[in-house]
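J.: For reference, the chains in residue letters:
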Amino acid sequence: MAEFPSVAWFEAVAGVFNSDESYRGAGGGQCHCQAGIKVGKRVFLLVFEGFECAEVREVDVSELEPVDFYLEMPLKDWKAMVQDIAANGAASLHYTLNTLDLNREAGLSHSVHGDQYREDLFFRYNQTFQFFFDASARIKTTFAR
Amino acid sequence: MAKAKASQAAADSKQGQPGAIEGIPQPKFDWAGRSNQWGTRVKPGKHGLRLGDLNVGIYGEIPEHWPDQTRNPRGAIARKGVPPVGYSIRDKAGLWADSAADLYEEAIQRRWAPATDVPWETIKPLNEGLERAICQVCTELCQYANGDIEAISSWQHQMSYGYHEVKQFLATASFDGARQYEAFRKRALCNGGGLGLEGPGKVNRMILESRGGWSEAVTYLFLLRGTFTMTMLRYLERAAYNDAERFLYRHTLQDKARHLTYGLEHLQYAIAHQEDMALIMQQLMFIGDRVFAREMRDNVLREALAVIFAGGIEKAGSEGMAVYREMMTDFMETYLGHCSWLGVKRNLEMMPQLLTQYVTRA
Numbered sequence: 001m002a003e004f005p006s007v008a009w010f011e012a013v014a015g016v017f018n019s020d021e022s023y024r025g026a027g028g029g030q031c032h033c034q035a036g037i038k039v040g041k042r043v044f045l046l047v048f049e050g051f052e053c054a055e056v057r058e059v060d061v062s063e064l065e066p067v068d069f070y071l072e073m074p075l076k077d078w079k080a081m082v083q084d085i086a087a088n089g090a091a092s093l094h095y096t097l098n099t100l101d102l103n104r105e106a107g108l109s110h111s112v113h114g115d116q117y118r119e120d121l122f123f124r125y126n127q128t129f130q131f132f133f134d135a136s137a138r139i140k141t142t143f144a145r
Numbered sequence: 001m002a003k004a005k006a007s008q009a010a011a012d013s014k015q016g017q018p019g020a021i022e023g024i025p026q027p028k029f030d031w032a033g034r035s036n037q038w039g040t041r042v043k044p045g046k047h048g049l050r051l052g053d054l055n056v057g058i059y060g061e062i063p064e065h066w067p068d069q070t071r072n073p074r075g076a077i078a079r080k081g082v083p084p085v086g087y088s089i090r091d092k093a094g095l096w097a098d099s100a101a102d103l104y105e106e107a108i109q110r111r112w113a114p115a116t117d118v119p120w121e122t123i124k125p126l127n128e129g130l131e132r133a134i135c136q137v138c139t140e141l142c143q144y145a146n147g148d149i150e151a152i153s154s155w156q157h158q159m160s161y162g163y164h165e166v167k168q169f170l171a172t173a174s175f176d177g178a179r180q181y182e183a184f185r186k187r188a189l190c191n192g193g194g195l196g197l198e199g200p201g202k203v204n205r206m207i208l209e210s211r212g213g214w215s216e217a218v219t220y221l222f223l224l225r226g227t228f229t230m231t232m233l234r235y236l237e238r239a240a241y242n243d244a245e246r247f248l249y250r251h252t253l254q255d256k257a258r259h260l261t262y263g264l265e266h267l268q269y270a271i272a273h274q275e276d277m278a279l280i281m282q283q284l285m286f287i288g289d290r291v292f293a294r295e296m297r298d299n300v301l302r303e304a305l306a307v308i309f310a311g312g313i314e315k316a317g318s319e320g321m322a323v324y325r326e327m328m329t330d331f332m333e334t335y336l337g338h339c340s341w342l343g344v345k346r347n348l349e350m351m352p353q354l355l356t357q358y359v360t361r362a
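Quick note, the sequences are listed as chains A and B, same order. With this note's numbering, the residue at position 38 of the first sequence is 38, and numbering never jumps. With this note's numbering, the residue at position 284 of the second sequence is 284, and numbering never jumps.
Treat each hint with caution, since some may be false.
[What the hints assert, rightly or not] Listed next, the stretches of chain A that the computed footprint assigns to chain B, with coverage defined by at least 3 CB atoms under 8 Å from CB atoms of chain B: (1) 20-30; (2) 88-98; (3) 122-128.
[Claimed, not checked] Sample of chain A residues facing chain B (criterion: CB under 10 Å; computed from the structure): (4) 49; (5) 50; (6) 51; (7) 101; (8) 102; (9) 103; (10) 114; (11) 115; (12) 116; (13) 117.
Calculated directly from the structure, the hints in this document are not laboratory data. Cβ atoms here follow ideal geometry from the backbone N, Cα and C, with glycine treated the same way.
Just chain B, same shape as in the assembly (with noise of 0.2 Å):
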């Protein structure tokens, strides 16, 4: 025993450090004394320590343009010879928002989990035509929830680290459509039912081709496709046929607004630092307008909602497209009201008829 502690000392002593083990490179800990700003003592405030309060002294310098193309933590040192990974969005205007870290916070906070928060045995066998036009209605909202996630993914990568609030909130937006798609394929498959027709997804393949930059995206995903899902959640809410229809929609809506949120603030912020944003807006809404309508042209979606707003397929003629006529004029009403908002004119003659014949209200 005490021959090998002594010899346990000398090898220690050899090595300069006691415990060394020999083969294995002795410590320096020379990156130990190195960081931008040491001493940082951010403490929770009132609501926790949230991703927004650790912005403070070099950590909360967010510049204009981020010229690192690496994936060098906002206030790391950067390591010299790290081969870059090729952002092309780097610049602030092209995808800031000033709420995106609270934004994340309230998406972490307002989780939700379909599979033991909604009240599904509350769900009751419905008359089929009813059953039928649901599950068509899950069907799409699936199918957007797909290019949500599609969507946000593929700009995901193209976003430098400067900018993690943003990042990390259009996460938690991804995330939110995997939570849709999971939610509205449960709902289609517990009651008897089953998925009906794909939809058009002529508004999917715009979002996701869309090739200007993230802010063209957000114009067709969260401005136009999103403000049309919100309000369509909303008159689905209004005529759930059960708890957990209502604890779908309303759930769904609420993170849907959280995207909305986002995505006006960050038009908002690119209209401000951009000069030409708000007439490069236009341009793609007339573009987006003229998608838009193509799939709305498709008769699959609007008899589904007919008829789940006039409980069968009775009177989905007569009431439930006088109620589907009325959600699109609140979803004309309120995205002409968010692009008058954002300062974006909108000239209704250049507008396809098949959406303004819903504008009632100039």
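Chain A on its own, in the form it takes in the complex (with noise of 0.2 Å):
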């Protein structure tokens, strides 16, 4: 049992995604990147390395210079995409990370930089970012109010 948002919630599911071996193939692989998730004003730093999700820390906002990208959302909304994918075993056509970002109006994936290059890994690892959400599925969340 895990809260979201925590670094124990990240690391449990990092734990799940790091040693399951079907998220390597099929389209997923080895990322390298960090990535930020801004959930309210609470700002959690992943550093993916390899076939790995490699460490979690959750760091102040000023800190997001580093990350090749941010996901942001208000924590109910994080909560209903943890909670669609909870339900379903992995995010239902409505909670993918793609259809988050469209259907969002200031959108999902944000960069601090404006570099176009490592703003597109969101793309170009796409299902993995995916495949480490799915991951938490298999995690018991409660969520912090």
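With the hints in hand, could you dock these two chains into one complex?
T.: As structure tokens, this is what we get:
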């Protein structure tokens, strides 16, 4: 049981993601990037290296500078996504990262630096990030109030 | 037996080599000591032994100009007298992107097999209007893929081997095109429908007839058409009717994103190394935008997409077209954003109204 959002929750998801080899094929694969996750005012930094999410830490918003891109939604929207994944075993058609990015007025994926090359990693590694969040279906989640 | 052994020994002694066979030239092994750099020991790193890891010592020297006109692998000793192949692209600025080796590895890593990876069983019968629309879009995506394959392969043989990282990456891009063709043909033929109407093909023709160099083809193929295809795939993924379609769109999107990364990085490199390249691109886009707009005047793709976005023909004219408009707005914003990132100035007043009508932000 882990509370979303927290380092413990992301680490638990990373544990599932890193140990399941099925995430490495069929369009998944090695991934080298730093992604930020902004949940309301809280910010988490995920470091992907090779087949694994190698590091998770909570950072200050000012520390988003090194990330290639960051995903931002208010807690209620993250909650809806995580609940959908838990209910379906993977994101349903309305909750994929791409759909959320398109459906939300402000989008989902953002960049601090405006570097196109790094921003595009969201699309190049899209399946990996989707696999990562889909892995959360296999942990029990509670939500911060 | 002893007699046979004695006879062999005599023959060996005649040839000066144990086990030598009469009539076969005696090996000299005079090639064996020749190498521009011997003793190279590249070790696999944390992520395996990658193509880019091999760029050590002389093997990593990638010159601005590659005069060799043969298929001599970079770093090998050139043989005298080999007839030239006639590569036209021998300047690094004409094709290079620093990420090419990594993108090659990424393409290999992220390969997927439409035959077995796509959950085809999730496709269920759809209403006929919707099925026809999906099949029409699949038909045009197949046609785009054909254009990708032909465009890339028509330049491949003109690129010299000094820049093998790019050639190898483009080989994967060409294969991605083959897979795109396969995947969308399968989708069109697996649910009671069939292929639809051939698209106008004006952009394909423009890409294929680019004569000004690979960078020109990259501008049209990856920057213009690629950005449009990526945007369309994103909207199709959102509007997918089953897991199989979602898989197809999302995985093709990943492939296209890789191509776009190469395209943008190459154009950035070309602009940085050729004084008037940004200006040339401005002119190329002026032409490309017009051809693209002419293709977009065709109602078939637009209407098919609207049907998909609206869930059927009934609301295609209203809801579907509204989403189509949203898609085109996103496309223009992304496309102009890429131009701006590259430092290529665009004058909206010089662009076709059919495209600028979708520009909502200056």
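J.: Apply the coverage criterion to the segment 122-128 of chain A and chain B: a residue qualifies when its Cβ sits closer than 8 Å to a Cβ of the chain, and three qualifying residues are needed.
T.: Satisfied; 5 residues make the cut.
J.: Tell me if the interface restraint on residue 115 of chain A is satisfied: Cβ within less than 10 Å of some Cβ in chain B.
T.: holds (8 Å)
J.: Using 10 Å as the Cβ threshold, decide whether residue 103 of chain A counts as touching chain B.
T.: Given a least distance of 7 Å, the restraint on residue 103 of chain A holds.
J.: Once the shortest beta carbon distance from residue 114 of chain A to chain B is found, is it less than 10 Å?
T.: holds (7 Å)
J.: Please check whether residue 117 of chain A passes as an interface residue: C-beta within 10 Å of a C-beta belonging to chain B.
T.: holds (6 Å)
J.: Does the nearest C-beta of chain B fall within a distance shorter than 10 Å of the C-beta of residue 51 of chain A?
T.: With Cβ-Cβ at 9 Å, under 10 Å, it holds.
J.: Do three or more residues from the segment 88-98 of chain A put their C-beta atoms closer than 8 Å to C-beta atoms of chain B?
T.: With 3 residues closer than 8 Å to chain B, the segment 88-98 of chain A meets the three-residue bar; holds.
J.: Take the shortest C-beta to C-beta distance between residue 102 of chain A and chain B; is it under 10 Å?
T.: Because about 5 Å separates residue 102 of chain A from the closest Cβ in chain B, which is inside the 10 Å limit, the hint holds.
J.: Does the interface hint hold: is residue 50 of chain A within less than 10 Å of chain B, judged Cβ to Cβ?
T.: For residue 50 of chain A, the interface hint holds, since the closest Cβ of chain B sits about 5 Å away, which is under 10 Å.
J.: With 10 Å as the cut and Cβ atoms as the points, is residue 101 of chain A at the interface with chain B?
T.: Because about 8 Å separates residue 101 of chain A from the closest Cβ in chain B, which is inside the 10 Å limit, the hint holds.
J.: Are three or more residues of the segment 20-30 of chain A within 8 Å, CB to CB, of chain B?
T.: holds (count 6)
J.: Classify the hint on residue 116 of chain A as holds or violated, based on whether any CB of chain B lies nearer than 10 Å to its CB.
T.: holds (4 Å)
Checked against the numbered hints above, the structure breaks none of them.
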